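There are 2 protein chains.
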Amino acid sequence: MSGPESLLPSSRARRAAEMEELLAAVAALGRDLLAREEELPGGAARDPGQLAAALDLALPDAGRPLAEVMARLRAVLLATPSSSSWRFVNQLFAGREPAATAAAMLTPLVNISMYTFKAGGAQILVERELLHRMCAAAGFTAGEGAFTPGGSFANFLALVLARNEALPGARETGVAGARLVAYTSAEGHYSVPKNAGLAGIGRANVRAIAVDGRGRMLPEALAAAIAADRAAGLRPFFVNATAGTTVRGAFDPLGELGDVARAAGLWFHVDAAFGGSLLLSPEHRRLLAGSERADSLAWDPHKMMGVPLQSSVLLLARRGLLARNLDESADYLFQADPDELNPGRRSLQCGRPNDALKLWAAWQRLGSQGWVARLGRQMALARRAAELIRSDPELRLAEEPPSLNVCFEVRGRASDAVCDRLDRDGLLKIGHGIVAGRRTIRLVCSNADLGDADLAEILAEIKAAARALPPGDNAVAG
Amino acid sequence: MSGPESLLPSSRARRAAEMEELLAAVAALGRDLLAREEELPGGAARDPGQLAAALDLALPDAGRPLAEVMARLRAVLLATPSSSSWRFVNQLFAGREPAATAAAMLTPLVNISMYTFKAGGAQILVERELLHRMCAAAGFTAGEGAFTPGGSFANFLALVLARNEALPGARETGVAGARLVAYTSAEGHYSVPKNAGLAGIGRANVRAIAVDGRGRMLPEALAAAIAADRAAGLRPFFVNATAGTTVRGAFDPLGELGDVARAAGLWFHVDAAFGGSLLLSPEHRRLLAGSERADSLAWDPHKMMGVPLQSSVLLLARRGLLARNLDESADYLFQADPDELNPGRRSLQCGRPNDALKLWAAWQRLGSQGWVARLGRQMALARRAAELIRSDPELRLAEEPPSLNVCFEVRGRASDAVCDRLDRDGLLKIGHGIVAGRRTIRLVCSNADLGDADLAEILAEIKAAARALPPGDNAVAG
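Those protein sequence lines, which keep their order, are chains A and B. Start counting the first sequence at 1; every next residue gets the next number (our numbering). Start counting the second sequence at 1001; every next residue gets the next number (our numbering).
These are calculated hints, taken from the structure and not from any lab test. What you are looking at is a predicted structure, and each value in this text was computed from that prediction instead of being measured. For glycine and all other residues, C-beta sits at the position ideal for the given N, C-alpha and C. Don't take each hint at face value.
Unchecked claim - Restraint ranges, calculated between C-beta atoms of paired labels, are given here:
#1 B/D1331 to A/A210: 12 to 20 Å
#2 B/A1024 to A/G169: 51 to 59 Å
#3 A/A210 to B/A1142: 43 to 51 Å
#4 B/D1452 to A/G42: 47 to 55 Å
#5 A/G213 to B/A1136: 50 to 58 Å
#6 A/D337 to B/R1383: 30 to 38 Å
#7 A/D259 to B/D1056: 37 to 45 Å
#8 B/A1071 to A/A35: 26 to 34 Å
Using the sequences plus the hints, can you model the full thing?
Structure below.
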């Protein structure tokens, strides 16, 4: 047999044999990927044009033997940064819990969709267990929750639910005629205006409320903005407070902001995509004090908890809103079992991958006590980084880290140029952001496997790159 | 060392060792999962209450040893249906391309987010290659595309883009004051009204257009509905045609519907979440004739192409709309490389998992010619199933299958009761749906690994279950 048909196994048995052969190859390539985590792809591999040419990514007309496919897959993966490298501190997520990674690797082998118990079996129960536990951590004792495709969509879902509560009938008849206004901080995540654009509310109807010197939304500024919008005949309906801002890792004062929102009759949402994991730490959950009186809370375990992308939830203080605002009759889909076991009735998506098993596996490994220890280690790591920076005359700490984000400058060197240089040279993935009018390097201490020696190496790489650069300034035009 | 801290390795080296140990365990458990694919979890394992009790899914306070975690993970996965079992024909997706599964298993090991080339490296180039090729397949030679978290969100994105084109400024100021109307068929996917509810348009402003006897939207009914809405002072703006309906696998007449939409100045979207893969087949792409003149097309490779959930794209005929409607300035994120290499500027999501590599790997394995052979085999399988059913006096074929969905009844037995029985007994995951006023069993031939013998076994299981049931009727009250 030759030609393309020959690539198609003639029976289930042959196909299973191919998959079994691949399992060994996956383990072998996995080992190679782990072995190179001390390094990032760098040099020529960093140039998009050269990289594309070297990898030959074109989709062929004729198929290729399995071994060649694996060799090509290997080349592509080796040219991909690993977020578990100690050299990767560019995002709010980094590092891994091995049990979570193992569960994520196994999930495609069963490949079920999370809409019904009929299709998903035990996975639906796993997800229910997690949502129950996470609601309890948030203080939503009579709450409900849903996994969403990322934190932006958790915020989106909260916005839509709030919109439909403020404007009964909006789901059926649209928002025509309404002039809704939402509030977030000037340092809140970009998904808030983006989502307002998607939901028919309009980006221009999101107010960016001023922050204090530590990047926290000012409750009095929020109250004043709500009053001004009311006076102008608009309809304030939604306050987005942030627990762990993207650049600084700051926590808005949830208690005070919630009081303002409730006094004005607005939905109070907490974007804890980054900081929500700290709800599991008796020591650090005080940063989120007041979240238990929120209407909704977004939490991404894939950020601080070492769970592979993605694993995001929206938690709600009250039960019933998800089904009321998301359910569609789908006679061909929801055919067995009680609604409670068919989360497709409470999901943004129809077909939906399993984002729960990996978090469950990590929780089995660590236990709630292990999360406490892990989160404590991450917070301590950020404090330690701040100490190292403060005691180094070449560096300037922007502020005491509110959580895992350590923002600083190399004195006399432009932060963006330093980060670009480190990236181009394949030495460090690290980004920059503006803190109080200055462009700073942002070191996020999410990788729980880093130790003091790693921090010292990271800072040494940064200083070496900076020394090779001409002088530069970090003041940002206001 | 004891207590929770002992669960945290004290160094990166120890953590890497744990992951390496897990790679072997993943391969071993993977083999077990493959070995049991002849069977579905059934019997007591099918009962949610008994299953929850047997598995003990609670999240512990104290962590557990690695081996125990893997044993528990094994138990949970063995209690999960596999969509690659020949006994799983319940959804539009089934079966696997092994290379895609292998790539999906490796992806969590690098765990990068697809917003920037800086973070994603070679994966961004892989995704670009796929979008380019898929645009070409759709006939969008000057087009662009984006991966979305499922087909529902691909349809959502199309709806939002169309809304913003119809109502310039809607992204900024919302849809206040507009009375937009969208059109889909009475047998279109539920995401169309759902998305209208999310996007501020309103479910009530989606018209369900009548279909012909084969489940295809009637162009003259569409034209009449648009005219009536115009006459009533409303703003028609969006036509959703379906290429592969959920129950029947029917293809709307895209050429004629597109003519109606264009003549009226409406956005023409093709929901080809199910049927889009057939664009790769010279023989079968005629089912989608006219899609090349659409404004947008949704296509889920995870449905017909054996790619694990999820892998969905929205393709657009023209370039520029994605950035114009989705981009947010995010100074802390988009710091290097040209916009073209930072797809976060054109995505619904912020953090976004890699849904591209698995499709790329399968394409390397099969080549475009292999897809042709694979899709041909699936279509032939559906025709063969129809033949077997037609020639069996116990069965009644509802219609010649338009694509992969074969809808039929067991004479004198209620289709829903038959499906429930098969599910409860752990014999077959198969669903039912209404075709022309009768409740039918829906056999979807997406699993390319099935052969004639499997079809015969599936039908034998169905008839055996039906014989054990009392007589029943499938007429559905109109």
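Mind listing which of the numbered hints don't hold for this structure, in increasing order?
No hint contradicted; all consistent.
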